[in-house]
Amino acid sequence: MSRIVKISRRDFLKTGALVGGGLILGFSLPVTEAAAKGKAVASFLQNAFIRIGTDDTVTIIVNKSEMGQGVYTALPMLIAEELECDWSKIRIESAPVGPEYNHTEWGPLQGTGGSSSVRSTWNQFRKAGAAARTMLMQAAAETWKVPQDTCRAEKGFVINGKSKKRLSYGALAERASKLEPPKEVVLKSPDKFKVIGRPTKRLDTPGKVSGKALFGIDAGVKGMLIAVVERPPVFGGKVGSFDAGKAKKVAGVVDVLQVPSGVAVVASDFASAEKGREALEIKWDEGENAGLSTAKMRNHYAELSKTPGTVAKKEGDAVQKLAGAAKTLSAEFEVPYLAHATMEPLNCLVDLREDSCEIWTGTQFQTVDRNTAAAIAGLKNEQVKIHTMLLGGGFGRRANPRSDFVSEAVHIAKGVKRPVKVIWTREDDMKGGFYRPMWYDRISAGLDEKGTPVAWRHTIVGQSIVKGTFFEKSFVKNGIDGTSVEGAADIPYDIPNIFVDLHTTDISVPVLWWRSVGHSHTAFVVESFIDELAHVSGKDPFEFRMGLLGKNKRHKAVLELAAKKAEWGNPLPEGRGRGIAVHSSFGSYVAEVAEVSVDRKGEVTVHKVTCVIDCGRTVNPSTVEAQMESAIAFGLSATLFGEITFKDGRIEQSNFNDYPVLRMREMPKVDVSIISSTESPQGVGEPGVPPVAPAVCNAIFSLTGKRIRSLPIKPEELKA
Amino acid sequence: MFSLLINGKKQTVKVSPDTPLLWVIRDHVGLTGTKFGCGKGLCGACTVLIDGKAERSCQIQVKDAAGKKITTIEGVPESSPVKKAWIEEDVPQCGYCQPGQIMQAVSLLKEKPRPTDADIDAEMSGNICRCGTYPRIRSAIHLAAGKPAKGGRK
Ligand code: FES
Ligand code: FES
Numbered sequence: 001m002s003r004i005v006k007i008s009r010r011d012f013l014k015t016g017a018l019v020g021g022g023l024i025l026g027f028s029l030p031v032t033e034a035a036a037k038g039k040a041v042a043s044f045l046q047n048a049f050i051r052i053g054t055d056d057t058v059t060i061i062v063n064k065s066e067m068g069q070g071v072y073t074a075l076p077m078l079i080a081e082e083l084e085c086d087w088s089k090i091r092i093e094s095a096p097v098g099p100e101y102n103h104t105e106w107g108p109l110q111g112t113g114g115s116s117s118v119r120s121t122w123n124q125f126r127k128a129g130a131a132a133r134t135m136l137m138q139a140a141a142e143t144w145k146v147p148q149d150t151c152r153a154e155k156g157f158v159i160n161g162k163s164k165k166r167l168s169y170g171a172l173a174e175r176a177s178k179l180e181p182p183k184e185v186v187l188k189s190p191d192k193f194k195v196i197g198r199p200t201k202r203l204d205t206p207g208k209v210s211g212k213a214l215f216g217i218d219a220g221v222k223g224m225l226i227a228v229v230e231r232p233p234v235f236g237g238k239v240g241s242f243d244a245g246k247a248k249k250v251a252g253v254v255d256v257l258q259v260p261s262g263v264a265v266v267a268s269d270f271a272s273a274e275k276g277r278e279a280l281e282i283k284w285d286e287g288e289n290a291g292l293s294t295a296k297m298r299n300h301y302a303e304l305s306k307t308p309g310t311v312a313k314k315e316g317d318a319v320q321k322l323a324g325a326a327k328t329l330s331a332e333f334e335v336p337y338l339a340h341a342t343m344e345p346l347n348c349l350v351d352l353r354e355d356s357c358e359i360w361t362g363t364q365f366q367t368v369d370r371n372t373a374a375a376i377a378g379l380k381n382e383q384v385k386i387h388t389m390l391l392g393g394g395f396g397r398r399a400n401p402r403s404d405f406v407s408e409a410v411h412i413a414k415g416v417k418r419p420v421k422v423i424w425t426r427e428d429d430m431k432g433g434f435y436r437p438m439w440y441d442r443i444s445a446g447l448d449e450k451g452t453p454v455a456w457r458h459t460i461v462g463q464s465i466v467k468g469t470f471f472e473k474s475f476v477k478n479g480i481d482g483t484s485v486e487g488a489a490d491i492p493y494d495i496p497n498i499f500v501d502l503h504t505t506d507i508s509v510p511v512l513w514w515r516s517v518g519h520s521h522t523a524f525v526v527e528s529f530i531d532e533l534a535h536v537s538g539k540d541p542f543e544f545r546m547g548l549l550g551k552n553k554r555h556k557a558v559l560e561l562a563a564k565k566a567e568w569g570n571p572l573p574e575g576r577g578r579g580i581a582v583h584s585s586f587g588s589y590v591a592e593v594a595e596v597s598v599d600r601k602g603e604v605t606v607h608k609v610t611c612v613i614d615c616g617r618t619v620n621p622s623t624v625e626a627q628m629e630s631a632i633a634f635g636l637s638a639t640l641f642g643e644i645t646f647k648d649g650r651i652e653q654s655n656f657n658d659y660p661v662l663r664m665r666e667m668p669k670v671d672v673s674i675i676s677s678t679e680s681p682q683g684v685g686e687p688g689v690p691p692v693a694p695a696v697c698n699a700i701f702s703l704t705g706k707r708i709r710s711l712p713i714k715p716e717e718l719k720a
Numbered sequence: 001m002f003s004l005l006i007n008g009k010k011q012t013v014k015v016s017p018d019t020p021l022l023w024v025i026r027d028h029v030g031l032t033g034t035k036f037g038c039g040k041g042l043c044g045a046c047t048v049l050i051d052g053k054a055e056r057s058c059q060i061q062v063k064d065a066a067g068k069k070i071t072t073i074e075g076v077p078e079s080s081p082v083k084k085a086w087i088e089e090d091v092p093q094c095g096y097c098q099p100g101q102i103m104q105a106v107s108l109l110k111e112k113p114r115p116t117d118a119d120i121d122a123e124m125s126g127n128i129c130r131c132g133t134y135p136r137i138r139s140a141i142h143l144a145a146g147k148p149a150k151g152g153r154k
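Residue numbers (this note's numbering), protein chains in the order written: chain W, 1 to 720; chain Z, 1 to 154.
Just so you know, the hints here were simulated from the structure itself, not pulled from any lab data. Glycine is no exception: its CB is placed at the ideal position from the N, C-alpha and C atoms. Among the hints, erroneous ones may be present.
[Claimed, not checked] Here are a few chain W residues that face chain Z, going by a calculated C-beta distance under 7 Å:
id	residue
1	G161
2	K165
3	S168
4	D218
5	D269
6	A271
7	M343
8	G393
9	T425
10	D658
11	P660
12	V661
13	R663
Modelling step: build the complete structure from the supplied sequences, incorporating the hints.
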């Protein structure tokens, strides 16, 4: 059945004529009186989602950042489904910053994250497509002087059923642009979908293969200088004094200046800037974190975990039931700080003028970055323009409420008074903070005589990601940062008595969301510990989970299919082990089965990962498959290698030699299945990450009898 | 002054002799397809062909590249089997590592026109893809080598 959708005041449709003819269509927030009178058309012209040119091109302006997850294809698919346009005529443009591009779920913020892009634009983008199609059909009907219901839209044409006359969208665009936008549109019923649900080639692939695709680091303007910044060796450190004499003598160096984040060396090109930086002499005031050490932090966390924290979840009386249980089991788990290590190191180009500021960068957080830049530059928000470039990976690092890489670049531009691009080296990027927090978990469970869990107690220790940011208000409830306990305070297992508490620590290491956020640690703990319980009660880990999942049908369905696909229960060749895990995050459900072996030196090889996802209705199955492979590679990097540690306040890692990430030879065979579903579309970019670590560690246990409770896996602990 | 032959075109640059070729290509010649990932020869993002062989341009000083035949991603024809296979398999995610991956694959296929999975593991493991496009890179290489792609994934 088709669905009639009212165009609400919020996404009131506006149309306008394009210079040179064409149809522009967009949704915008209600405009204020003043704006409505004068500037509405102008601001609308910049803010359309769809632009149809007289040459038949359909330009789709995407307000989500493309960082590999495929939004530059999935969101156009939503529009194309309703617009009935010719897919080969679609072009993509990244949206400027404007209220009409705000995230539909985040309040007045434009941004990309939380695996929310498809879910949050599902209606918005389809409505945009349907409205444009309606107007094009109306324009055709008027041209031919026939009733509109004798016309249909197909592959970029409006066709009259009777006369067989046809006009292309390009030919109709100008006339359509003069029409009143429809008050309501009819959305297709899903059984009529031709685009949504079909494996579709990415629109951004050709540019990424030719080498012409432009990332932030590739941006350039005339007269641009390049800057690198020497930042304090210790978080919170400050420049005591510095001598720029030698640096300034380096050929190509234009300026050396102090900015809040350190000392910037500005030069005609990157190589000169780097040489200049090497010649810098800086005396640091290291501040109170000079003694920071992972070992000390760990001891502190371990102690804290023995004391009561803030209650995140309480059902029944876990403490009492634990005391009276037939059998109890306790364990401690820990995971380290992790760097995002996006392939493209951070960078930002700023062209600051007296009354304007243009910024080219790969960001996930346009509004925040723009407003921060405006404040530093002393400009109005509207005077700052952000060009969102392709992101060479995001994983959360480019969604910083503190706008670190943008604000620093604006400070430098302010100082040098010329366009300047700040480039972070890999070392800068890795030592620059904003890590996935380090976590320490203490967990215990009580089982009855039959081996059924009756009580579950979980204490979590770690930093809050949102503390001190403007997100604190909305994310922290009753002293609990929701991102610290997600996946732990809402376990899917039927255990009558549950108690989860949290210690939010006060450590000055900058932390941030890292692909799958809190789930990246809670799934490891919960799914490893459930596995331990299964073994203690002498049950098969898959059956044990199924028995506890009760009404959680979607968990069960992915788990069951993953087990089947991985031939769970069938004997494996000598020296191989299997492990299973299931976890729900960002609205989706993922189960994974890992097949591993461990050699005499304790080195782990992951041979195969079977992955099943239920993400509701699928837009582009090809992308879903790619994102699962990607998530598994990302999760494996953390399971096998990833670790940021501190000694004497300094970060011990610097580059891919000491912070290894997964390489081709370590990539397992991945078998992805997608559950066919008519539920609303949900997250895809992140949900594949959480089950990886527990599936692998559970496999290692089944093979070796050794339980991994601390990541990354240390081969010396698994040595034969 | 150094005279470089990049993608069949002579380029003259005025830089210090120890300038990494990567930055000469990016900052001075203005070809931005070749990427900076680590600057230490650890990631392969900066891979170019020098006299037909894959090399890390961040590790080569301009003085050592002068007079040699340099090919960057922009110099590989769009009709080349590798680029076509990359498109067919829809390999890239964020895409940042892909120029380096493609250059490495071109070099591999030149040496071994029918690479095995083990050859691919050996030759391609110096090129990091943080997005984990490895399965598709593998099938694209097999496809470019003339093997049907599906099932080519390890
Ligand atoms: S940038 Fe040259 S190998 Fe990484
Ligand atoms: S595609 Fe993103 S790093 Fe390879």
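A quick look at each hint next to the structure:
Because the beta carbon of W/G161 sits about 36 Å from the nearest beta carbon in chain Z, more than 7 Å, this interface hint is broken. Checking W/K165 against chain Z by beta carbon gives a least distance of about 37 Å; that is not within 7 Å, so the hint is violated. Interface hint at W/S168: violated, since its Cβ lies 27 Å from the closest Cβ of chain Z, which is beyond the 7 Å cut-off. Taking 7 Å as the C-beta cut-off, the interface hint given for W/D218 holds, the closest approach to chain Z being about 4 Å.
Contact between W/D269 and chain Z, as hinted, is supported at the beta carbon level, the nearest pair being about 4 Å apart and thus within 7 Å. With its C-beta approaching chain Z no nearer than about 4 Å, W/A271 sits inside the 7 Å limit, and its interface hint holds. Interface restraint check for W/M343: the shortest CB-CB distance to chain Z comes to about 4 Å, inside 7 Å, so the restraint holds. With a least beta-carbon distance of about 5 Å to chain Z, the hint placing W/G393 at the interface is held under the 7 Å criterion.
Satisfaction of the interface hint for W/T425 is found here, the shortest Cβ-Cβ separation to chain Z being roughly 6 Å, below the 7 Å cut-off. Taken as an interface hint, W/D658 does not check out: its beta carbon lies about 10 Å from the nearest beta carbon of chain Z, beyond 7 Å. Using the Cβ-Cβ criterion of 7 Å, the hint placing W/P660 at the interface with chain Z is not satisfied: the shortest such distance is roughly 9 Å. At about 6 Å, the closest approach between the beta carbon of W/V661 and any beta carbon in chain Z falls short of 7 Å, and the interface hint on this residue holds.
A hinted interface residue such as W/R663 counts as satisfied when its beta carbon comes closer than 7 Å to some beta carbon of chain Z; here the least separation is about 4 Å, so the hint holds.
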